[in-house]
Each structure stands twice: as C-alpha cells, then as structure tokens.
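There are 2 protein chains.
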Amino acid sequence: MLTEKTVTTFLDELASNSPAPGGGSVAALSGALGAALTTMVCNLTIGKKKYAEVEGEMKSVLEQSENLCAAFTTLIDKDTETFNKVIEAYGLPKDTEGQKALRAAAIQETTKEAALVPLEVMKHVIDALALAQVVAEKGNVNSASDAGVSALMLYGACEAAALNVRINLNAISDHNFNGWKEEELLSLLKTSKAKSDEVLEVVRKKISGV
Amino acid sequence: MLTEKTVTTFLDELASNSPAPGGGSVAALSGALGAALTTMVCNLTIGKKKYAEVEGEMKSVLEQSENLCAAFTTLIDKDTETFNKVIEAYGLPKDTEGQKALRAAAIQETTKEAALVPLEVMKHVIDALALAQVVAEKGNVNSASDAGVSALMLYGACEAAALNVRINLNAISDHNFNGWKEEELLSLLKTSKAKSDEVLEVVRKKISGV
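Respectively, the protein sequence lines represent chains A and B.
Start counting the first sequence at -10; every next residue gets the next number (our numbering).
Start counting the second sequence at -10; every next residue gets the next number (our numbering).
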C-alpha cells in the first residue's frame, strides 16, 4: 500500500517512470492533508477555556474530519489500483474479433471505475470544506493559517481530481454516462471554488487582524 | 524526520494536537508533490520515439525538477524545526527585566527565521512552475492531467506558504523587514497565479482535445 510507504518513498514512486501512482492519487492525498489540518485545528481548540462555547461543535467536526481523512486516504490507494486495472485491460489480447470485443468492453468498464474514484474525491472535498469553514470561523485563532491551508489543499484536490475525471471520460464511449458525470463535475467544481473562497476570506481577515 | 515517516503516520501527526507539523510543512509537501509529478511526466516522455525531438529538453527539466523536489522535501522538516524554535523562545523565562528582553529578542529572531522558510517554498514554486509548463506543452500528451495536477499542487503550495509567511510577519516588529517581505510575497503570489493559469490552460486544451 502506498500510504504505508514513507513520504520520501511515495515521492520517489510518484516521480518514477511508472504512470501510477500519478495525479489521481495526489488529488486524494491533497484531500487527506486538508482534512487532517481541519482535525488539527479542532484538536488545538478543544479543551481551551477561551473556546469552551464551541467545544461541542469542535468535537463533532473533529469526528467528521477524521472520517473524511480516512476516506481520502483509502482513495489514494484505490486510484492507483483502478488505474492499474485500466492498464491491464489495455494489455488484453486482441488477435481475434472475440478478443477485441472483450478487450474493448474491459477497457470501457475499468475506465468508468477509474473515473468514479476522483469523482468521489471531489464529493468528499465539499463535505471537508464545510468543516474547514467551521474551524476557520470558530476555531483557535492562532491556527487560522492552518484552516486556510486546509481549504487550499481541499480546493487543489477538487481541481486535480476533476482533471483526472475528465481524462478518463475522454476514453469512455457511453455519452449518457459522460454527460451526467460532466454535469456533476461542473457543479462540484463551482461549489468547491465558492466554499474555499469563503473560508480563505475568513482566514485572511483573521490573519490581517481586520 | 517527518519525511521518513509513512504517509499515514504523517497524516496522524499533522492531525494531532501538536501545532507542528502544520500548514507550513504541508505547503512544502504540496510543492514536493508538484515537482515529483513534473519529474514523472519527464520520465514518461524520455525514450519515446514520438518525443525524440524534446528528449534533451526533458532530460534537463528532469534534473531540475528532481533538485526542486529535494529542496521542497528538506523544507517540510525545516518548517517544523523552525516552528519548534519559535515555541521554545516563547517558553523562555520572563521573571526579570533581563530575561524579558532576552526572550523578546529570541522570539523576534526565531520568528524571522520561521517566516523565511515558507518564503523559500514560494520562490521554489516559481521555478517549478516554469518546468511544469515545459512538460505540459511538450511532454507526453497521455500525462497531460499529471502536468495539470503538478501546477495545481505548486500553486496551492505558494498560496499556503503565503499564509504562513504572513502569520509570522504579524509577530515581527521590524517594519522594514515586514514591508520588504510583504512586497516579495505579493510579487511571488502574482507570478505563481499567472504561471499556473497558463499551464492549466494548456492542459485543459490538451485534455478536451481542442
């Protein structure tokens, strides 16, 4: 599993001449980093007298951001696994008409699966950004920049995942599937941009002391 | 060293109730991920007949992006180390006037050092984005989304690092230092936005087949 490798080894494998892990796994990792930073701000807020009023809310956010971080972490490996299945499908024999048909069907099926993984990353981003907003607004003010970096990593995860959804949709011939997923993708991108901008505005005001 | 921990452990330590590692180390990691993806696109381009014309250029980009990835990786740990020094300075005794003066001076000195680490991240981002642009334009077209994710991670690194520079500047009383660094920061942010937008435009055109 990629996530059980050291950060240095992960970077080395990413940089290597193997196409996986690639940008899809990085999108999921960026999401995990964003969720982990929101959890950190919760942990630096809970138990502090000054923030006693929001203690309950922070505990609830903490639980949700921990779950989201775990979900993103699973997707780091899942993205690479599904990508490897696409590569396997392309490697199937294509000598007879029957083989060609089976290979083409396998490519379509695995590529659809591969498109759904980054789409899942995008959906989790929207949930995680809602949590980042709570910690930016109500969490420990000394960790305002961490709430901001959380939002930035989540937004980056969403845009990065979108590129990976689209490069997969390009190889899919089911136009209904593509149209539906493209619509979903556009809506998720729009929401993540608006939500991360909101979080960053709160953070920048706190940092500049306005 | 943080970078010798597994990805899962890094995420756990990030999420913990210790303020370091925090957003500053994540900014440097985001830069490392961006540089590693540019290296990957070079590796997936070099040796391919179709890209023989750009082989020399790709080899040169590869060497530079490997160096930048190593530089970002060093800054992941350096950010946490310098942050811990700031915490130590705040912990110095403040019982006598002499102690108070020493403590205040130590806080100023360590905070200046802490501000310079994310500023270094931002400078490396500009160099790394220039390389991402080359691989987006001339690298293996099948890896276009990876070049795009590279640019997104680098841009996120720059914005995230900027928040960390600013939160440190807030605690520094040397107005000349702050003014000079704020000016540098604004210029780096502007360049990184413009450059990453350019790379993403190239990538989106390639992905949509325009």
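Rather than coming from a laboratory, the hints here were simulated on the basis of the structure.
Being a predicted model, the structure only gives us computed values, none of them experimental.
Keep in mind that the hints are not guaranteed to be accurate.
Where chains are identical, the list cannot tell them apart; a pair therefore holds if satisfied intra-copy or between any two copies.
Calculated lysine-lysine pairs in the DSS-like style (CA-CA distance at most 27 Å, straight line) [unchecked claim]:
no., residue 1, residue 2
1, 39, 182
2, 179, -6
3, 67, 38
4, 83, 194
5, 179, 83
6, 195, 179
7, -6, 37
8, 38, 48
9, 48, 89
10, 37, 83
11, 194, 182
12, 170, 38
13, 38, 112
14, -6, 127
15, 170, 74
16, 37, 74
17, 83, 38
18, 101, 194
19, 67, -6
20, 38, 182
21, 38, 74
22, 83, -6
23, 127, 182
24, 83, 39
25, 194, 179
26, 38, 179
27, 89, 194
28, 182, 195
29, 48, 127
Hint by hint, here is what the structure shows:
{"no.": "1", "hint": "39 / 182", "verdict": "neither (31 Å within a copy, 37 Å between copies)"}
{"no.": "2", "hint": "179 / -6", "verdict": "neither (34 Å within a copy, 35 Å between copies)"}
{"no.": "3", "hint": "67 / 38", "verdict": "neither (41 Å within a copy, 32 Å between copies)"}
{"no.": "4", "hint": "83 / 194", "verdict": "neither (60 Å within a copy, 31 Å between copies)"}
{"no.": "5", "hint": "179 / 83", "verdict": "neither (42 Å within a copy, 51 Å between copies)"}
{"no.": "6", "hint": "195 / 179", "verdict": "both (25 Å within a copy, 22 Å between copies)"}
{"no.": "7", "hint": "-6 / 37", "verdict": "neither (35 Å within a copy, 30 Å between copies)"}
{"no.": "8", "hint": "38 / 48", "verdict": "within (15 Å within a copy, 56 Å between copies)"}
{"no.": "9", "hint": "48 / 89", "verdict": "neither (55 Å within a copy, 37 Å between copies)"}
{"no.": "10", "hint": "37 / 83", "verdict": "between (65 Å within a copy, 23 Å between copies)"}
{"no.": "11", "hint": "194 / 182", "verdict": "both (18 Å within a copy, 21 Å between copies)"}
{"no.": "12", "hint": "170 / 38", "verdict": "neither (47 Å within a copy, 35 Å between copies)"}
{"no.": "13", "hint": "38 / 112", "verdict": "neither (35 Å within a copy, 39 Å between copies)"}
{"no.": "14", "hint": "-6 / 127", "verdict": "neither (35 Å within a copy, 31 Å between copies)"}
{"no.": "15", "hint": "170 / 74", "verdict": "within (21 Å within a copy, 49 Å between copies)"}
{"no.": "16", "hint": "37 / 74", "verdict": "between (49 Å within a copy, 23 Å between copies)"}
{"no.": "17", "hint": "83 / 38", "verdict": "between (68 Å within a copy, 23 Å between copies)"}
{"no.": "18", "hint": "101 / 194", "verdict": "between (42 Å within a copy, 22 Å between copies)"}
{"no.": "19", "hint": "67 / -6", "verdict": "both (15 Å within a copy, 21 Å between copies)"}
{"no.": "20", "hint": "38 / 182", "verdict": "neither (34 Å within a copy, 40 Å between copies)"}
{"no.": "21", "hint": "38 / 74", "verdict": "between (52 Å within a copy, 26 Å between copies)"}
{"no.": "22", "hint": "83 / -6", "verdict": "neither (36 Å within a copy, 44 Å between copies)"}
{"no.": "23", "hint": "127 / 182", "verdict": "within (21 Å within a copy, 29 Å between copies)"}
{"no.": "24", "hint": "83 / 39", "verdict": "between (68 Å within a copy, 23 Å between copies)"}
{"no.": "25", "hint": "194 / 179", "verdict": "both (23 Å within a copy, 19 Å between copies)"}
{"no.": "26", "hint": "38 / 179", "verdict": "neither (38 Å within a copy, 40 Å between copies)"}
{"no.": "27", "hint": "89 / 194", "verdict": "neither (59 Å within a copy, 30 Å between copies)"}
{"no.": "28", "hint": "182 / 195", "verdict": "both (20 Å within a copy, 23 Å between copies)"}
{"no.": "29", "hint": "48 / 127", "verdict": "within (12 Å within a copy, 49 Å between copies)"}
When held up to the earlier numbered hints, the structure conflicts with 1, 2, 3, 4, 5, 7, 9, 12, 13, 14, 20, 22, 26, 27 and fits the remainder.
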